[in-house]
Each structure stands twice: as structure tokens, then as C-alpha cells.
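With the sequences and hints as input, model every part of the structure.
Per our numbering, the sequence shown starts with residue 12, numbered consecutively.
Source of the hints: derived by calculation from the structure; they are not laboratory data. Predicted model, so just to flag it, every value in this text is computed and none were measured.
Cross-link-like lysine-lysine pairs, in silico, DSS-like; alpha carbons within 27 Å at most: (1) Lys134 to Lys185; (2) Lys510 to Lys210; (3) Lys217 to Lys174; (4) Lys492 to Lys335; (5) Lys369 to Lys492; (6) Lys573 to Lys645; (7) Lys185 to Lys510; (8) Lys372 to Lys61; (9) Lys366 to Lys492.
What follows is a list of derived Cβ distance ranges for each label pair: (10) Lys366 to Gln58: 21 to 29 Å; (11) Asp146 to Asp261: 22 to 30 Å; (12) Asn506 to Asp146: 24 to 32 Å.
We treat Cβ as the ideally placed atom computed from N, Cα and C, and that holds for glycine.
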Amino acid sequence: MLTKTAEEILKQRYCIRDLEGELVETPEQVFERVANAIGDGNRAYHQMMKNLEFLPNTPTLMNAGRPNGQLSACFVLPIEDSMESIFGTLKNMALIHKTGGGTGFSFSNIRPAGSIVSTTQGKASGPLSFMQAFDAATETVKQGGKRRGANMGMLRIDHPDIKEFITIKQDPNKLNNFNLSVAVTDAFMNAVKEDTNYKLICPATKRVVREVSARYMWRLLVNCAWSTGEPGVIFIDTINRYNSHLYLGDFEATNPCGEQPLLPYESCNLGSINLSKMTNDYYSDVDWEKLTITVKNAVIFLNDVIEYNYYPLPEIKEATLKTKKIGLGIMGWADLLIKLKIRYGSTESLELAEKVMKHIKQIAYQAAANLGISNMSMTTIAPTGTISMIANCSSGIEPIFGFAFETHCMDDERFVSINEDLMNALKLYNLNTSAVLEHIEDTGRLEGLENVLPKVIMDTFVCAHDISPQEHVMMQAAFQKHTDAAVSKTINFRNDATKEEVEQAFLLAYELNCKGITVYRDGCREAQTLNMGIKKEEKSVATSALSTPRERAKSLEGFTTKIMTGCGNLYVTINYDSEGICEVLTNAGKTGGCQAQAESTARLVTAALRSNVDPHAIAKQLRGIKCPSAIRNKAAECTSCPDGIGKSLQIALNDTEDIKQSKIECPDCREKLIMAEGCMSCRFCGYSKCS
12 MLTKTAEEIL KQRYCIRDLE GELVETPEQV FERVANAIGD GNRAYHQMMK
62 NLEFLPNTPT LMNAGRPNGQ LSACFVLPIE DSMESIFGTL KNMALIHKTG
112 GGTGFSFSNI RPAGSIVSTT QGKASGPLSF MQAFDAATET VKQGGKRRGA
162 NMGMLRIDHP DIKEFITIKQ DPNKLNNFNL SVAVTDAFMN AVKEDTNYKL
212 ICPATKRVVR EVSARYMWRL LVNCAWSTGE PGVIFIDTIN RYNSHLYLGD
262 FEATNPCGEQ PLLPYESCNL GSINLSKMTN DYYSDVDWEK LTITVKNAVI
312 FLNDVIEYNY YPLPEIKEAT LKTKKIGLGI MGWADLLIKL KIRYGSTESL
362 ELAEKVMKHI KQIAYQAAAN LGISNMSMTT IAPTGTISMI ANCSSGIEPI
412 FGFAFETHCM DDERFVSINE DLMNALKLYN LNTSAVLEHI EDTGRLEGLE
462 NVLPKVIMDT FVCAHDISPQ EHVMMQAAFQ KHTDAAVSKT INFRNDATKE
512 EVEQAFLLAY ELNCKGITVY RDGCREAQTL NMGIKKEEKS VATSALSTPR
562 ERAKSLEGFT TKIMTGCGNL YVTINYDSEG ICEVLTNAGK TGGCQAQAES
612 TARLVTAALR SNVDPHAIAK QLRGIKCPSA IRNKAAECTS CPDGIGKSLQ
662 IALNDTEDIK QSKIECPDCR EKLIMAEGCM SCRFCGYSKC S
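The structure is reproduced here in C-alpha cells:
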């Protein structure tokens, strides 16, 4: 039975409407339409969707049975180092996004910024400039007229522009329509382990551009992931080591969420089995017979999708029909564990994960063999955000993020709900008291109720932040053992997690043969999809302003940036104390300028920094402020003095550990030099200007 939330999602995104926008299809009829289109009214197809035991990916639910029905979620498009290829791919991306698909790209074949272009003798703009063109195009094309497209942008760790790629998302206004992942090689990981340099290679000439410290680049990657959740990591050699059809070529890119490596022009249609429906009546074990039947029907369904599908490009049709990849996955894993009273992350849960996925894979291959079909890849674990909401279950193999939820309806009516399984457990023990429920609504968790709730509830009902990063990674690895493609999972960290903990998670993922890893530290971005609990303590601006700024230390260290404004040079000094950035000072050059405006801005920024206001938020507010003088002066490097101050703050915040830094680059490893012990030095390779 569909929940109110599920009905609303189906009405808003999937149900057919007439030209006036009126619904001509009910939520329940969506499943009937899909079953009729894919399987000529196949009853098994209709029943497993209606019963929410299996759901296909969004494009199938949205487009099956409609004109030019494009049903696949995942595409990878090739990009070569030419204008024809780049902008041809840009056009193809738009066509795919229009039909509801997501696209993945490797930009690794594009020569680095500053390279000489032989045909024009000009300088190449590099992969990041073209990524921004793709990003802008994505902004203007809605998928199926209902949402913006999704992209994955990948760059190899040995590309000369890798540093700029790793740090670009430190600017919250850049590449918002892209997920970013670094394609990390075994050679690089060995260099990290041995603390040696590694080679950056120009893809156009295959020549070594320079060598850099592997640990420096690794720490930069880890620290950027810690601060913004991006980029993710794809272990590209691990992916290709398990590539069952190497004779067709190496994988270079994945779909937008990283779970489906694909060859150029391949597409893949996904579908997920709802494991929360795969238990026996006593919730004591998995209903293996029911799971077997569902897997068989799902395999036949997804293969029918391949045949019925409309392909937006002839190259995509040819590549897809050659390999016939399907992506059968799961959702509701956390719900299943709760029903079986197994703690997520425990040894028992890891063993069951392997057993369940091994069973699904074996039955899937048997079903394909009985059909006489050769699917070169069959199992994938994808994120299931929307379809898991329709199915009213947990997403993919993720733990439950929080046990309290808040929903706003169209008329702003507010609904508060607590996880149904938890409510049933509390009622069973007669513990659904107002105090317990209020605590759960406040925090979304059971932490703090150890002396109130029985151990069985405390152990069973754990959410994302109750689970250690190591347990997160081990769960991903357990499912990966019996998954053909990859596993999409986010390793959720608490806000106080350290960069060292993120690094340990990355290393463990590599050691356990995960094909990639994505991390997210709670609260590291201003806006995030999920938040813990319902009642949030809101601190007003006025209250924040009354906090007493910390004292200025007698001695500070920092760096100075020279920026050309519309009126002349502006010198911006960023200073640090033991708690981070604490002071901004400005000084105008001989040509003058808005010294009063710059100084007043700097003083206000300093007061905010000493009051522990997030420097990222300050920089974001300052960037983009415009001044007429800067608009007239083509030599200006900023749009105003405040914009220049914001730019200097961003330079500081792009440092690997929010430490003191200078714009002067180390001649050995290209890292920014810092002032240490009275001398400009490099903390990564050991270079010092004083020796």
C-alpha cells in the first residue's frame, strides 16, 4: 500500500498529465502502465511493483509506455582531445538529460591548461574549463522536463591538472551539476604507501610534465573530501581488474553516482529489490524462496527493458545491445536488519550481507542462462533515493540516517513521524512515552536513552552516526564481494570527525577491494539533503553577534596576497592563530583605491572570524560584490575590494589543513609555501627557501 508521501511523489514526477497539466493517471496506474509496456501486461511484473517488492529506476517508471520511452538511468559518453569531440559529447549529453538519463565522463584525455595547441599555436584551456561548459549546459536542460540532469566528472590522478580538479569544489559555486571523483591508480597508492613522488603525464603527448609528492596529493584529496564531501575516489585499476570483458576496452568512467562503470556509449537500466519485504512471517530469517522468485522476475524484467528501450543515439543502442548490462540491486537493507534484530555493522550483519548478495547473484545468472541471454554485468548496488521513498524503505544498503522525519505538504502543513519499526518496538515494551518520543524527535537518534530503553532496542536501532566509519566501509566491502559492478554508498561521518579518520576510511576501502568510496562529514556544507532530528536549535543572527570575540594573540603568522582591483593594487593579509584564520588586514597600493571600504570590510571580517563564524560562509558572502571601477578596468582580478578579500580568504581555505600558506609555490612539488620558523618552507616535500 502506498504511503501519502509515495502517492505525492508519483503524482508530481511519474503520473501522466494532459496538455493542461491535469493528471490522467493515478499513482497505482503507473505500475500498470510500466507492466503493460515492458511485459505486455505481465502479471508478475505488475504484482512485484504494486507490492513494492521491486521497482525499476526512475526513467523506466517515468517513460515506459510513452512516446520515445527512454528507460535507462546510466550512460557514459567518451570525450577525446578535440573541439569536435568535446562539443559533440556536450550535445549528446543534452539529448540524454532531456530523456531522463544521467551521464558520466572522463575528462582525462583532454590536455592540461596552458598546453600549446598545434593547429592554432594557442594555449589549451584544460579539462576544468570544459567541465564548466558542461555544467552550464546541464543547468538549462531539464530531464524529461522535470529535473536537471546529473553528471559524474572524473579525472585521473596522474593528469597534470589534478590539483585544480581536487580543489575546485572548495568554491561552493562551481560545478554544482557534477559529482566529482578522482580515478586513483595502484601505482599512485603504492607511491603514497612508500612516500615517493609520482608522475603527472600529459595525455596528448604521453610525456611526463613533472613529478609531485604522492602523499601531498593524497592529503589534499583527503582534506578536500573532509571539508566538502568531494571529490570521491574511484579505484580505477581495481575496477578494471574485475572487468569481465577487457577485450572490449578499459573502463574510464562511471555513471553519476559511481556504481556503474561503463564503456563509451554504454547504458544500463537499474532496478532494486526491496529486502524489507523479503522476510518470513516471524521476522526470524530471510524468506529465501520469495527472494529467489523476485530475483528471477526482476532479471527477466530488466532484460525486457533492454529490448523495449528507446535509445537516444545509435552508438548507445549498438554498445548496449553488445553487452546487455543490467543493474539489479537492493534497497531496504537497514530495514531488513532491524526486522531480524541484527545490528548494522556487526559481524552477523556483514556475514548476512555476503550471503544475501551471493544468493542474488547466483539466481540472477541462473535466470539469464535459462533465458539464453548473456548479460556481461548483472548486479549493481545503486542509490535508491526516490524509489525507496515510494517503497517506504531505507535507501540502498545505507543505514537509516535518522529515526525522526519531518514532511511539509503543499499547503505548508507540517507532519512529524518516527520510524514505524521503532514505534512498534517502543509500543511492544510500553516505552512510547512522551519523554522518549520527544528525545527522538529532537535528535533523530536513541543516543542518550541507554538507561531507559532495553539493550535489544539500543543495539538494533542504530543510525548512520552510531556506526563507525570502519563498519560503514566493511559493509560496502561485504556487498562488493558478490556485486558485478560497483556499490554506491556514502560513508557518513559526524561533524567532529578528523581528517585522519577520513584518510583511514579511504585506505581501508582500497585494502578491502572496494571499487570506490565517497565520504560526507555532517554539516560540512551549508545545505545538505538529510538532517538529523526534527527540532533544530536556531541561533539568531542577533544572538551570534553578541558573542565575545576571542583575544588577538601578540604574535601571528600569515601571508599577503596582491590583487588588482578596479582602482589599483590591493594587498590583503590573512593571519592565523592556534584556532585558524583570525584576522584580515588590507592596504592599498600607490595608485590608491577604496581604502576606507576595504579596511572597514576587513575589520568586520576579522570580528566575525574571532567570533568563530565559518570563514567559508564569509568568503561566499563577499565574493561577487561588484564595483563600477572594476567593471571598467579590464586588468582587474576581482569585481570589487570586498570580492578581492573574499578571494583571498578562499585561497587560504583551499589549503590542505587550513594552515598558514603563501601564494608562492614550492619549486619541487608545486604546493603553496608556508611561513614556518621564520622561513618560507614546504611542509610536504621539505623544501626551504632558507637552505
